[in-house]
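Visitor: Going left to right, the sequence shown walks through residues -28 to -1, 1 to 225 as mature numbering (1 follows the signal peptide of the UniProt record, and there is no 0) numbers them.
No lab work stands behind these hints, which were simulated from the structure alone. A portion of the hints provided could be inaccurate.
Said to hold, decoys possible - Have a look at the derived ranges for each label pair, beta carbon to beta carbon:
# : residue 1 : residue 2 : range
1 : Val113    : Phe34     : 34 to 42 Å
2 : Gly171    : Asn46     : 37 to 45 Å
3 : Gln98     : Ser38     : 18 to 26 Å
4 : Gln17     : Asn122    : 30 to 38 Å
5 : Asp41     : Val106    : 17 to 25 Å
We treat Cβ as the ideally placed atom computed from N, Cα and C, and that holds for glycine.
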Amino acid sequence: MFVKTARASLGFALVLGLQFASALPATAQDTTGTGPSSAFALRAQGLLAVEPTPQLTGEHGFQQRSVADLSVANGLVQAGVLNTEVDTHRAKSSVTDLRVGLTGALLSELGLGDLAATAVEATCDQGRGETRLVGATLGGVALDASAGPNTGVDVPGLATVLLNRQVTNPDGSLTVTALSVEVAGLQSVDIASATCAAGAEGPESPEPTDPQQPEPEQPGAEPEQPETEGPGAESPQPAPRPTPIRGHHPVTG
(Lines of atoms letter the chains of each structure in order from A and count residues from 1; the text may use other names and numbers.)
(Lines give C-alpha, C1' and ligand atoms only; values in the text may rest on other atoms or scores of the structure.)
Protein backbone atom coordinates (compact mmCIF):
# COMPACT_ATOMS: atom_id res chain seq x y z
CA MET A 1 0.00 0.00 0.00
CA PHE A 2 2.80 2.42 0.91
CA VAL A 3 4.65 1.75 -2.33
CA LYS A 4 1.55 2.28 -4.50
CA THR A 5 0.66 5.50 -2.67
CA ALA A 6 4.21 6.77 -2.88
CA ARG A 7 4.41 5.95 -6.57
CA ALA A 8 1.14 7.70 -7.37
CA SER A 9 2.02 10.76 -5.28
CA LEU A 10 5.45 11.02 -6.81
CA GLY A 11 4.22 10.68 -10.38
CA PHE A 12 1.49 13.28 -9.91
CA ALA A 13 3.78 15.72 -8.09
CA LEU A 14 6.55 15.30 -10.64
CA VAL A 15 4.31 16.06 -13.62
CA LEU A 16 2.50 18.91 -11.85
CA GLY A 17 5.69 20.39 -10.45
CA LEU A 18 7.51 20.38 -13.77
CA GLN A 19 4.53 22.00 -15.50
CA PHE A 20 4.66 24.87 -13.02
CA ALA A 21 8.46 24.94 -13.11
CA SER A 22 8.52 25.56 -16.84
CA ALA A 23 6.60 28.80 -16.29
CA LEU A 24 9.17 30.33 -13.94
CA PRO A 25 11.37 33.12 -15.36
CA ALA A 26 15.01 32.29 -15.99
CA THR A 27 17.32 34.45 -13.90
CA ALA A 28 20.91 34.28 -12.64
CA GLN A 29 22.68 35.12 -9.41
CA ASP A 30 25.59 37.54 -8.95
CA THR A 31 28.27 36.51 -6.47
CA THR A 32 31.75 37.55 -5.44
CA GLY A 33 34.27 35.16 -3.99
CA THR A 34 37.89 34.17 -3.80
CA GLY A 35 37.86 30.39 -4.34
CA PRO A 36 39.16 28.85 -7.57
CA SER A 37 36.78 27.64 -10.23
CA SER A 38 36.01 23.92 -10.48
CA ALA A 39 33.83 21.51 -12.45
CA PHE A 40 32.73 17.91 -12.74
CA ALA A 41 30.36 16.18 -15.14
CA LEU A 42 28.94 13.43 -12.93
CA ARG A 43 28.69 12.51 -9.25
CA ALA A 44 26.57 9.94 -7.43
CA GLN A 45 26.27 9.45 -3.68
CA GLY A 46 24.32 6.97 -1.59
CA LEU A 47 23.55 3.32 -2.26
CA LEU A 48 25.68 3.55 -5.40
CA ALA A 49 28.60 5.99 -5.39
CA VAL A 50 30.46 7.59 -8.29
CA GLU A 51 33.29 10.00 -7.55
CA PRO A 52 33.18 13.38 -9.37
CA THR A 53 34.15 12.55 -12.96
CA PRO A 54 36.06 14.14 -14.64
CA GLN A 55 36.94 16.76 -12.02
CA LEU A 56 39.09 19.88 -12.52
CA THR A 57 40.03 23.06 -10.64
CA GLY A 58 41.11 26.34 -12.22
CA GLU A 59 43.74 27.45 -9.72
CA HIS A 60 46.48 26.95 -12.34
CA GLY A 61 44.62 28.49 -15.27
CA PHE A 62 42.89 26.84 -18.20
CA GLN A 63 42.48 23.06 -18.19
CA GLN A 64 40.21 20.68 -20.08
CA ARG A 65 39.43 16.98 -19.67
CA SER A 66 37.06 14.49 -21.29
CA VAL A 67 35.90 10.94 -20.64
CA ALA A 68 34.17 8.90 -23.35
CA ASP A 69 31.80 5.92 -23.26
CA LEU A 70 31.24 5.88 -19.50
CA SER A 71 29.33 3.07 -17.81
CA VAL A 72 29.56 2.81 -14.02
CA ALA A 73 27.92 1.01 -11.11
CA ASN A 74 26.59 -1.90 -13.17
CA GLY A 75 24.95 0.39 -15.69
CA LEU A 76 23.50 2.86 -13.18
CA VAL A 77 24.97 5.68 -15.27
CA GLN A 78 25.82 5.58 -18.96
CA ALA A 79 27.08 8.50 -21.03
CA GLY A 80 28.67 9.17 -24.39
CA VAL A 81 31.08 12.00 -23.55
CA LEU A 82 31.67 13.78 -20.24
CA ASN A 83 33.61 17.02 -20.58
CA THR A 84 34.89 19.64 -18.13
CA GLU A 85 36.91 22.80 -18.67
CA VAL A 86 38.02 25.47 -16.21
CA ASP A 87 39.86 28.77 -16.10
CA THR A 88 40.57 31.25 -13.32
CA HIS A 89 37.01 32.62 -13.06
CA ARG A 90 35.15 30.32 -15.43
CA ALA A 91 34.00 26.68 -15.39
CA LYS A 92 31.93 24.52 -17.72
CA SER A 93 30.79 20.90 -17.70
CA SER A 94 28.70 18.85 -20.10
CA VAL A 95 27.39 15.33 -20.67
CA THR A 96 26.05 13.81 -23.88
CA ASP A 97 23.85 10.75 -24.42
CA LEU A 98 23.06 10.42 -20.73
CA ARG A 99 21.06 7.61 -19.18
CA VAL A 100 20.68 7.12 -15.43
CA GLY A 101 18.83 3.94 -14.50
CA LEU A 102 17.15 4.67 -11.18
CA THR A 103 16.59 0.99 -10.45
CA GLY A 104 17.06 -1.38 -7.58
CA ALA A 105 15.07 -1.94 -4.38
CA LEU A 106 13.12 1.12 -3.25
CA LEU A 107 14.19 3.24 -6.23
CA SER A 108 12.39 1.08 -8.77
CA GLU A 109 9.35 0.61 -6.51
CA LEU A 110 8.90 4.39 -6.34
CA GLY A 111 8.43 4.36 -10.10
CA LEU A 112 10.85 7.13 -11.02
CA GLY A 113 11.95 5.40 -14.20
CA ASP A 114 15.07 6.41 -16.09
CA LEU A 115 16.66 9.82 -16.37
CA ALA A 116 17.83 10.49 -19.93
CA ALA A 117 19.11 13.41 -21.98
CA THR A 118 20.77 14.06 -25.31
CA ALA A 119 22.90 16.82 -23.75
CA VAL A 120 23.26 18.41 -20.31
CA GLU A 121 25.40 21.50 -19.75
CA ALA A 122 26.30 23.89 -16.91
CA THR A 123 28.34 27.08 -17.25
CA CYS A 124 29.63 29.40 -14.52
CA ASP A 125 31.34 32.60 -15.67
CA GLN A 126 32.46 35.48 -13.43
CA GLY A 127 30.00 34.51 -10.69
CA ARG A 128 27.00 33.98 -12.98
CA GLY A 129 25.57 30.56 -13.78
CA GLU A 130 23.30 29.04 -16.41
CA THR A 131 22.31 25.56 -17.59
CA ARG A 132 20.97 23.90 -20.71
CA LEU A 133 19.15 20.61 -21.25
CA VAL A 134 18.51 18.98 -24.62
CA GLY A 135 15.99 16.15 -24.92
CA ALA A 136 15.91 15.56 -21.15
CA THR A 137 13.22 13.33 -19.60
CA LEU A 138 12.64 11.78 -16.20
CA GLY A 139 10.29 8.82 -16.10
CA GLY A 140 8.88 9.86 -19.47
CA VAL A 141 8.24 13.46 -18.34
CA ALA A 142 10.03 16.14 -20.40
CA LEU A 143 12.26 18.48 -18.40
CA ASP A 144 12.46 22.23 -19.01
CA ALA A 145 15.35 22.97 -21.38
CA SER A 146 16.27 26.34 -19.83
CA ALA A 147 14.78 26.40 -16.35
CA GLY A 148 15.36 29.23 -13.90
CA PRO A 149 17.59 28.71 -10.85
CA ASN A 150 16.43 25.98 -8.42
CA THR A 151 13.43 24.92 -10.47
CA GLY A 152 11.86 21.61 -9.52
CA VAL A 153 9.54 19.66 -7.28
CA ASP A 154 9.87 18.36 -3.74
CA VAL A 155 7.90 15.30 -2.65
CA PRO A 156 8.33 15.25 1.16
CA GLY A 157 10.14 12.14 2.28
CA LEU A 158 10.41 10.73 -1.23
CA ALA A 159 12.34 12.69 -3.83
CA THR A 160 13.67 16.05 -4.93
CA VAL A 161 14.35 16.93 -8.54
CA LEU A 162 16.12 20.23 -9.19
CA LEU A 163 16.94 21.83 -12.52
CA ASN A 164 19.55 24.59 -12.67
CA ARG A 165 20.46 24.14 -9.01
CA GLN A 166 22.37 27.23 -7.82
CA VAL A 167 24.05 27.48 -4.42
CA THR A 168 26.15 30.33 -3.02
CA ASN A 169 29.09 28.88 -1.09
CA PRO A 170 30.54 30.28 2.17
CA ASP A 171 33.41 31.94 0.27
CA GLY A 172 30.94 33.71 -2.02
CA SER A 173 31.52 31.53 -5.07
CA LEU A 174 28.59 30.07 -7.00
CA THR A 175 27.96 26.39 -7.77
CA VAL A 176 25.51 25.65 -10.56
CA THR A 177 24.38 22.07 -11.28
CA ALA A 178 22.33 21.41 -14.38
CA LEU A 179 20.44 18.43 -12.98
CA SER A 180 20.31 17.21 -9.38
CA VAL A 181 18.19 14.25 -8.26
CA GLU A 182 17.80 12.99 -4.69
CA VAL A 183 15.62 9.97 -3.95
CA ALA A 184 14.25 9.13 -0.51
CA GLY A 185 17.47 10.27 1.16
CA LEU A 186 19.12 7.12 -0.19
CA GLN A 187 20.57 8.17 -3.53
CA SER A 188 21.65 11.41 -5.17
CA VAL A 189 22.91 12.04 -8.67
CA ASP A 190 24.39 15.36 -9.87
CA ILE A 191 24.86 15.91 -13.59
CA ALA A 192 27.05 18.73 -14.98
CA SER A 193 28.26 20.98 -12.16
CA ALA A 194 30.40 24.13 -12.35
CA THR A 195 31.71 26.48 -9.64
CA CYS A 196 33.19 29.96 -10.10
CA ALA A 197 33.63 33.33 -8.43
CA ALA A 198 33.39 36.84 -9.80
CA GLY A 199 36.71 38.39 -10.77
CA ALA A 200 38.13 41.44 -9.00
CA GLU A 201 36.87 44.72 -10.37
CA GLY A 202 39.50 46.83 -12.09
CA PRO A 203 39.96 50.62 -11.69
CA GLU A 204 37.25 52.74 -13.19
CA SER A 205 38.08 54.39 -16.49
CA PRO A 206 37.93 58.21 -16.43
CA GLU A 207 34.94 59.69 -18.16
CA PRO A 208 35.78 61.23 -21.55
CA THR A 209 35.75 65.02 -21.72
CA ASP A 210 34.79 67.14 -24.71
CA PRO A 211 37.76 68.82 -26.46
CA GLN A 212 38.02 72.59 -26.02
CA GLN A 213 36.75 74.47 -29.06
CA PRO A 214 38.14 77.95 -29.97
CA GLU A 215 35.68 80.77 -29.45
CA PRO A 216 34.38 82.21 -32.75
CA GLU A 217 35.36 85.79 -33.60
CA GLN A 218 32.66 88.43 -33.42
CA PRO A 219 31.43 89.71 -36.81
CA GLY A 220 33.11 93.02 -37.76
CA ALA A 221 35.81 92.73 -35.11
CA GLU A 222 39.17 94.17 -36.13
CA PRO A 223 42.11 91.75 -36.13
CA GLU A 224 44.52 92.21 -33.27
CA GLN A 225 47.58 94.36 -34.11
CA PRO A 226 50.99 93.63 -32.66
CA GLU A 227 52.07 95.93 -29.84
CA THR A 228 54.44 98.72 -30.87
CA GLU A 229 55.05 100.34 -27.50
CA GLY A 230 55.98 99.16 -24.05
CA PRO A 231 58.07 96.24 -22.83
CA GLY A 232 58.04 93.27 -25.13
CA ALA A 233 56.72 95.34 -28.06
CA GLU A 234 57.96 94.37 -31.48
CA SER A 235 60.60 96.77 -32.99
CA PRO A 236 59.63 98.33 -36.32
CA GLN A 237 61.56 96.87 -39.23
CA PRO A 238 63.06 99.18 -41.91
CA ALA A 239 61.41 99.08 -45.30
CA PRO A 240 63.38 97.12 -47.93
CA ARG A 241 65.38 99.13 -50.53
CA PRO A 242 63.82 99.17 -53.98
CA THR A 243 65.56 97.00 -56.55
CA PRO A 244 65.95 98.52 -60.03
CA ILE A 245 64.56 96.45 -62.83
CA ARG A 246 66.43 96.49 -66.15
CA GLY A 247 64.38 96.43 -69.30
CA HIS A 248 64.06 97.56 -72.93
CA HIS A 249 61.66 100.30 -73.87
CA PRO A 250 60.59 100.81 -77.48
CA VAL A 251 61.76 104.04 -79.21
CA THR A 252 58.90 106.10 -80.61
CA GLY A 253 58.59 109.45 -82.53
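Visitor: Now look at each hint and say whether the structure bears it out.
Guide: Now for the hints, and whether the structure bears them out:
Our hint of 34 to 42 Å for Val113 and Phe34 holds, since their Cβ atoms are close to 38 Å apart. Between Gly171 and Asn46 the Cβ separation comes to about 43 Å, which falls inside the hinted range of 37 to 45 Å. Restraint check, Gln98 to Ser38: a C-beta distance of roughly 24 Å satisfies the suggested window 18 to 26 Å. Between Gln17 and Asn122 the Cβ separation comes to about 19 Å, which falls outside the hinted range of 30 to 38 Å.
Between Asp41 and Val106 the CB atoms are about 19 Å apart, so this pair conforms to the stated range of 17 to 25 Å.
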